[in-house]
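First to last, the protein sequences are chains W, X and U.
Just so you know, we're using this note's numbering here: the first sequence kicks off at 22 and counts up by one.
Just so you know, we're using this note's numbering here: the second sequence kicks off at 879 and counts up by one.
Just so you know, we're using this note's numbering here: the third sequence kicks off at 279 and counts up by one.
These are computed hints drawn from the structure, not numbers from a lab.
Ideal Cβ placement from N, Cα and C applies to all residues, glycine included.
Warning: the hint list may mix true and false statements.
[Unchecked claim] Label pairs and their calculated CB-CB ranges:
| id | chain 1 | residue 1 | chain 2 | residue 2 | range |
| --- | --- | --- | --- | --- | --- |
| 1 | W | 106 | X | 1291 | 54 to 64 Å |
| 2 | X | 1023 | U | 613 | 13 to 23 Å |
| 3 | X | 1157 | W | 106 | 31 to 41 Å |
[Unchecked claim] Pairs of lysine-lysine, DSSO-like flavour, derived with a Cα cap of 27 Å:
| id | chain 1 | residue 1 | chain 2 | residue 2 |
| --- | --- | --- | --- | --- |
| 4 | X | 906 | X | 967 |
| 5 | X | 960 | U | 521 |
| 6 | U | 281 | U | 362 |
| 7 | X | 960 | U | 561 |
| 8 | X | 1018 | U | 515 |
| 9 | W | 113 | X | 967 |
| 10 | W | 113 | X | 1103 |
| 11 | X | 1180 | W | 39 |
| 12 | W | 99 | X | 1027 |
| 13 | X | 1261 | X | 1180 |
| 14 | X | 1151 | X | 1277 |
| 15 | U | 536 | U | 673 |
| 16 | U | 424 | W | 99 |
| 17 | X | 1018 | W | 99 |
| 18 | X | 1109 | X | 1003 |
| 19 | X | 1277 | X | 1223 |
| 20 | W | 113 | X | 1027 |
| 21 | X | 984 | U | 515 |
| 22 | X | 1327 | X | 1297 |
| 23 | X | 1212 | X | 1180 |
| 24 | X | 1228 | X | 1348 |
| 25 | X | 906 | W | 99 |
| 26 | U | 515 | X | 906 |
| 27 | U | 317 | U | 424 |
| 28 | X | 1261 | X | 1300 |
| 29 | X | 1212 | X | 1229 |
| 30 | U | 582 | W | 54 |
| 31 | U | 582 | U | 561 |
| 32 | W | 113 | X | 1151 |
| 33 | U | 521 | U | 582 |
| 34 | X | 1109 | X | 1018 |
| 35 | X | 967 | U | 515 |
| 36 | U | 521 | X | 1178 |
| 37 | X | 1300 | X | 1343 |
| 38 | X | 967 | W | 39 |
| 39 | X | 1109 | W | 39 |
| 40 | X | 1261 | W | 113 |
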Amino acid sequence: MAIDRETVRRVAFLSRLKIDDDKIEDTEEEFNKILNWVEQLNEVNTDNVEPLVSVNDTNLTLRQDEVTEGNQAAAILKNAPQAQYGYFTVPKVVE
Amino acid sequence: MTGMIIEGKTASWEVICGLEIHCQIISKSKMFSGASTHYGSDANENVSFVDAGMPGMLPTLNERCVYQAVKTGLGLNAKINKYSEFARKNYFYADLPQGYQISQFKYPIVGEGHVTVDLSDGTTKDIGIERLHIEQDAGKSIHDMAPDKSFIDLNRAGVGLMEIVTKPDFRSPEEAGAFLRKLRSIVRYLGTCDGNMDEGSMRCDVNVSVRKVGEEGYRTRCEMKNVNSVKFVMQAIENEAKRHVEVYENGGNIEQETRQFDPSTGLTKVMRKKEFAHDYRYFPEPDLLPLVLTDDYIAKVKADMVELPDAKRARFVKELGLTAYDAAVICENKDTADFFEKAAKGHDAKKVANWLMGDFFAMLNEKKLELKDSPVSAENLGKLVELVTSNVINGKTAKDVFEIMAETGGDPEKIVEEKGLKQVTDTGAIEALVDEVIASAPDNVAAYKAGKNNLLGWFVGQVMKKSQGKANPAIVNKMIAEKLK
Amino acid sequence: MTKLTELTIAQARDALKKKEFSAVELTKAYIDEMNDKRKYNAYVLETPDVALEQAKKSDEKYAHGTDGALEGIPLGIKDLYCTKDIRTTACSHILDGFEPQYESTVTSKLLNAGAGFLGKLNMDEFAMGGSNETSYYGPVVNPWSKDVPLVAGGSSGGSAAAVAANMCAAATGTDTGGSIRQPSAFCGITGIKPTYGRCSRYGIVAFASSLDQAGPMCKDVRDCAIMLNVMSGYDPKDSTSAKVEVPNFESFLNQDIKGLKIGIPSEYRPEGLNAEIAAFWDKGIEMLKARGAEIVNISLPHTKYALPTYYIIAPAEASSNLARYDGLRYGLRVNGEHLDNMYINSRTAGFGTEVKRRIMIGTYVLSAGYYDAYYLKAQKVRRLIRQDFLNAFEKCDIILTPTSPVTAFPIGDESMLENPINMWLNDVFTVSVNLAGLPAMSLPIGLSHDGLPLGLQLIGKAFDEGTIFKTASALEQDAAFRKGLK
């Protein structure tokens, strides 16, 4: 499955990354090289093989419903690039 | 049939609608962290490092959220899936700290079920439930605190949600409205969600399409996000369906898109076209293992189930002799039903229901009180009804006593005792009063005897007055009629 | 007398107990060593004051006889571990200045056992890389370099170099596709990636959640056993950590390996395998045979598909794990007019080339229309790879292979830079283990003709690190690698 320039742009946007126009061609080429390489997997017959989701053989352990954390707004905001009145702030969100 | 048919120029159209409802789960702590779910705290105070999406933080699943989802699933007559999986739904947004929402995708915790709704024409309809899955809520972005900035509060981030998806079974706004009210009633009965749409603890996405009557399959649908009242949901369905019909009738096509419902106009407007649709890139959440429920666990939840509104209503009709209508009104809210049952215990249930739905609700309304704050207790309401049924006081006096109860919260038996309001049933005493009245009004006696029958009421009124309202009106009536024959 | 910094954990601990020197003295010796060897660029943050403060407390503990398993032992910590109030960046620009307000479970356990932290160690950005060249802070120089500066391997390159150059007694590493074992081999030290679920991942910056495991990188096998015992154990904060008892790993050392079945997978000896590496592998086989172990030929038929499987699954998980680095709550923010611009600007400036590459691949293989062809397919092949190992372990107790098909190569090697796949191919012997969730150790076995360390890898059954330690201690004695250093 060769991918085109538009797909590269779409994937970059989904990843919230910018690719400079002069890099698009290289990226596309590299992308295709990598995809070609991983497509070796098509040689493997995986009929009736269940996908492996986790190597753990156990089931999920559940936590009791207790409040164990909180009242630490200062610690939560400690590393914030911008904060005001106890909130994180960002450039205006537009839909 | 309560289906809505829209008559167009070229055809008759029927409405097709399905709902997705997000219900905030009632639990002390969040779904994947130990932070509190408390509403109304200072910004970012109920936030753990997990909720804030800090590097290296991992989710741990709250047992209570699983319990609540299973309980709700049982309340929706749905299949509980013993195996379910969490998945990440990936998208960027300011109030989504991890850059993904932990949800369920391929393997939800609850599968197909159904809810029976009652419709205005007296019929019922089964609405199919497609699935119920659990996921985490997002934080809140506040846009109106500054012109150039948005403010982010993560207190809500990570609170447990149940997303309930119905089949496209609704054929009219009325059916959707009835379903939402029923669903709200069920989750409130179960104590799994408080069901307050205006506070956002229950939020509804509406999917609408139309098709010609008799047509097979479905046409393109549009989705309206976060419609926040039953009334608005009904309005949104009606107006969106009409829009579709108009577009089709004019030879146009409906595009799949996400639309926003504007409560001020009742209309919808486009929010996001399909080509800008998100690509959520769901994949199994590698930080959590599959959730496996045992039969014992499900049985344990089942054992905790309370009687649901439908069962309760049927019982009230069958065992307590209530009308279907009264039972439905009383059972919509569990607190009301419980209050009623307590009040009716050992007394005439139908009369208790009349009092409850009449003077009692009117009093709460007037005083703007919640049921739980009522000055009249269930026991006292029951006692009051008993005083009437056992002829200790008459209906008129009962209303006066109720007014005193509403003011003081007092016991009706004591009020009647203290104020000497017991009705007079001693025929001798009543006869004396009757004779007195007849003797004092010879003109009226003559007129009555001449055929002016409606004067009977005047005589009764005079006697009641003389007895200070305590005479048994039935006895008075009968006696006067006898004497003036 | 041996320099203090040359002592193993076991030796230093015994000497500290006997009060031959103090923890403060030991720590100061390491701080001197760090000052002298900055040219290796092993540390991205030095915390001598923290280490000395901890050493003082350790000396008190020794005085009171309340010393822990690692009391007074100065360690280096890979920059992927969140350390409270100590800058943690995963060697990425996007985490500029980030000071976690929490401590990872593994580093908490080390602190509770009395260890001191000398600083944060260099690594490939977000652990993505096999040469430590993707670090925002520049590559680590392999202490074995002669004329040309060589890579230390990756991603735990700083950890491997620091241990090899005696800049810490031991270090923490993490291993997603070989990130403990390959740099250990390149730098001539011993490192073990335990079974997935053995150590908690809580507080370790995530790369690929279903593959990441913490592990120790040490001067010898015994130190690995001592340190792994402290690092291991079920953690309720990590849902994937295993409720499995942790044995005393040290007790397996020097056990008899007579009759132990050693599996030798034919697929790990492809045509064109470096002859010298093949020869050292044979030498290892002979050593074990001489001690009465039984050599069993086994097959891991899907080995060839491990790399492409890994390079779908790891980027897919990474693309999602790294979505949180958006410039909003911590780290680098490059403002933009709107929120999306801020995301794009911050992430574009904050991530390096390799990280961006993997985020994009991961995004693509998960996106609508491609999920089944790539991600789902890879998960299925992953099951086959795991099944290969389960089948093999029906016939043998442990597997012996080379750790890497190459020795340390020059920094800035063109063939590696030209095509990212060339770099990825170096993981060929290590990634299967992560895909299968198994424990594996790399230990040095000898030096190549040009004087560079070569490592062998021991792969065990799930939660059977004990057999690895048993076998490794035999190989270590026979190879006598550390003795050769003197």
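Do the hints match the structure? See the list:
Against the hinted window of 54 to 64 Å, the Cβ-Cβ separation of residue 106 of chain W and residue 1291 of chain X comes to about 57 Å, which satisfies the hint. The hinted range of 13 to 23 Å is satisfied by residue 1023 of chain X and residue 613 of chain U, whose Cβ atoms lie roughly 18 Å apart. Separation of residue 1157 of chain X from residue 106 of chain W is about 35 Å and conforms to the stated range, judged on CB atoms against 31 to 41 Å. Between residue 906 of chain X and residue 967 of chain X the CA atoms are separated by roughly 25 Å; this keeps the pair inside 27 Å, and the hint holds.
Between residue 960 of chain X and residue 521 of chain U the alpha-carbon distance is near 22 Å, which keeps this suggested pair within the 27 Å criterion. For the hint pairing residue 281 of chain U with residue 362 of chain U, the CA-to-CA distance comes to about 31 Å; that exceeds 27 Å, so the pair is violated. Annotation: proposed proximity of residue 960 of chain X to residue 561 of chain U is violated, straight-line Cα distance about 52 Å (limit 27 Å). Restraint check: the Cα-Cα separation between residue 1018 of chain X and residue 515 of chain U comes to about 26 Å, which is no more than 27 Å; the hinted pair holds.
For the proposed pair residue 113 of chain W and residue 967 of chain X, the alpha carbon gap of about 24 Å is at most 27 Å, so the pair holds. The straight-line distance between the Cα atoms of residue 113 of chain W and residue 1103 of chain X is roughly 21 Å, inside the 27 Å bound, and the hint therefore holds. Distance check on the hinted pair: residue 1180 of chain X and residue 39 of chain W sit about 53 Å apart at the alpha-carbon level, beyond 27 Å; violated. Between residue 99 of chain W and residue 1027 of chain X the CA atoms are separated by roughly 19 Å; this keeps the pair inside 27 Å, and the hint holds.
Simply put, residue 1261 of chain X and residue 1180 of chain X have alpha-carbon atoms about 36 Å apart, too far for the 27 Å limit, and the pair is violated. At roughly 61 Å between alpha-carbon atoms, residue 1151 of chain X and residue 1277 of chain X are farther apart than 27 Å, so this suggested pair is violated. In summary, the hint linking residue 536 of chain U to residue 673 of chain U is supported, as the alpha carbons are separated by about 16 Å, within the 27 Å threshold. Between the alpha carbons of residue 424 of chain U and residue 99 of chain W the distance comes to roughly 45 Å, so the proposed pair goes past 27 Å and is violated.
Our distance criterion of 27 Å between C-alpha atoms is met by residue 1018 of chain X and residue 99 of chain W, whose separation comes to about 19 Å. Taken as a hint, the residue 1109 of chain X and residue 1003 of chain X pair is honoured in the structure, with Cα atoms around 20 Å apart against an allowance of 27 Å. Proximity of residue 1277 of chain X to residue 1223 of chain X is assessed by CA-CA distance (about 21 Å); at most 27 Å being required, the pair is judged to hold. Simply put, residue 113 of chain W and residue 1027 of chain X have alpha-carbon atoms about 4 Å apart, close enough for the 27 Å limit, and the pair holds.
As the CA atoms of residue 984 of chain X and residue 515 of chain U are separated by approximately 25 Å, the hinted pair is consistent with the 27 Å bound. For the suggested pair residue 1327 of chain X and residue 1297 of chain X, the alpha carbons sit about 38 Å apart, so the restraint of at most 27 Å is broken. A hinted pair counts as satisfied when its Cα atoms are at most 27 Å apart, and residue 1212 of chain X with residue 1180 of chain X qualifies at roughly 18 Å. Simply put, residue 1228 of chain X and residue 1348 of chain X have alpha-carbon atoms about 24 Å apart, close enough for the 27 Å limit, and the pair holds.
In summary, the hint linking residue 906 of chain X to residue 99 of chain W is supported, as the alpha carbons are separated by about 26 Å, within the 27 Å threshold. Distance restraint check for residue 515 of chain U and residue 906 of chain X: the Cα-Cα separation of roughly 18 Å lies within the 27 Å cut-off, and the hinted pair is therefore satisfied. For the proposed pair residue 317 of chain U and residue 424 of chain U, the alpha carbon gap of about 13 Å is at most 27 Å, so the pair holds. Taking the CA atoms of residue 1261 of chain X and residue 1300 of chain X, the gap is about 14 Å. The hint holds against a cut of 27 Å.
In summary, the hint linking residue 1212 of chain X to residue 1229 of chain X is supported, as the alpha carbons are separated by about 20 Å, within the 27 Å threshold. The straight-line distance between the Cα atoms of residue 582 of chain U and residue 54 of chain W is roughly 18 Å, inside the 27 Å bound, and the hint therefore holds. Pair hint residue 582 of chain U plus residue 561 of chain U holds up; C-alpha atoms about 24 Å apart against a cutoff of 27 Å. With a C-alpha separation of about 22 Å, the suggested pair residue 113 of chain W and residue 1151 of chain X falls inside the 27 Å cut-off, and the hint holds.
Straight-line distance between C-alpha atoms of residue 521 of chain U and residue 582 of chain U comes to about 33 Å, which puts the hinted pair past the 27 Å bound. A threshold of 27 Å between alpha carbons decides the hint, and for residue 1109 of chain X with residue 1018 of chain X the separation of about 25 Å falls inside it, so the pair holds. A C-alpha spacing of about 22 Å is found between residue 967 of chain X and residue 515 of chain U, which places the hinted pair at or below 27 Å, so the restraint holds. Using a Cα cut-off of 27 Å, the hinted pair residue 521 of chain U and residue 1178 of chain X holds, with the two alpha carbons roughly 25 Å apart.
With a CA separation close to 15 Å, the supplied pair residue 1300 of chain X and residue 1343 of chain X stays within the 27 Å bound. With a C-alpha separation of about 22 Å, the suggested pairing of residue 967 of chain X with residue 39 of chain W holds against the 27 Å cut-off. The suggested pairing of residue 1109 of chain X with residue 39 of chain W is violated, with an alpha-carbon distance near 44 Å, which exceeds 27 Å. This hinted pair does not check out: residue 1261 of chain X and residue 113 of chain W have alpha carbons roughly 61 Å apart, beyond 27 Å.
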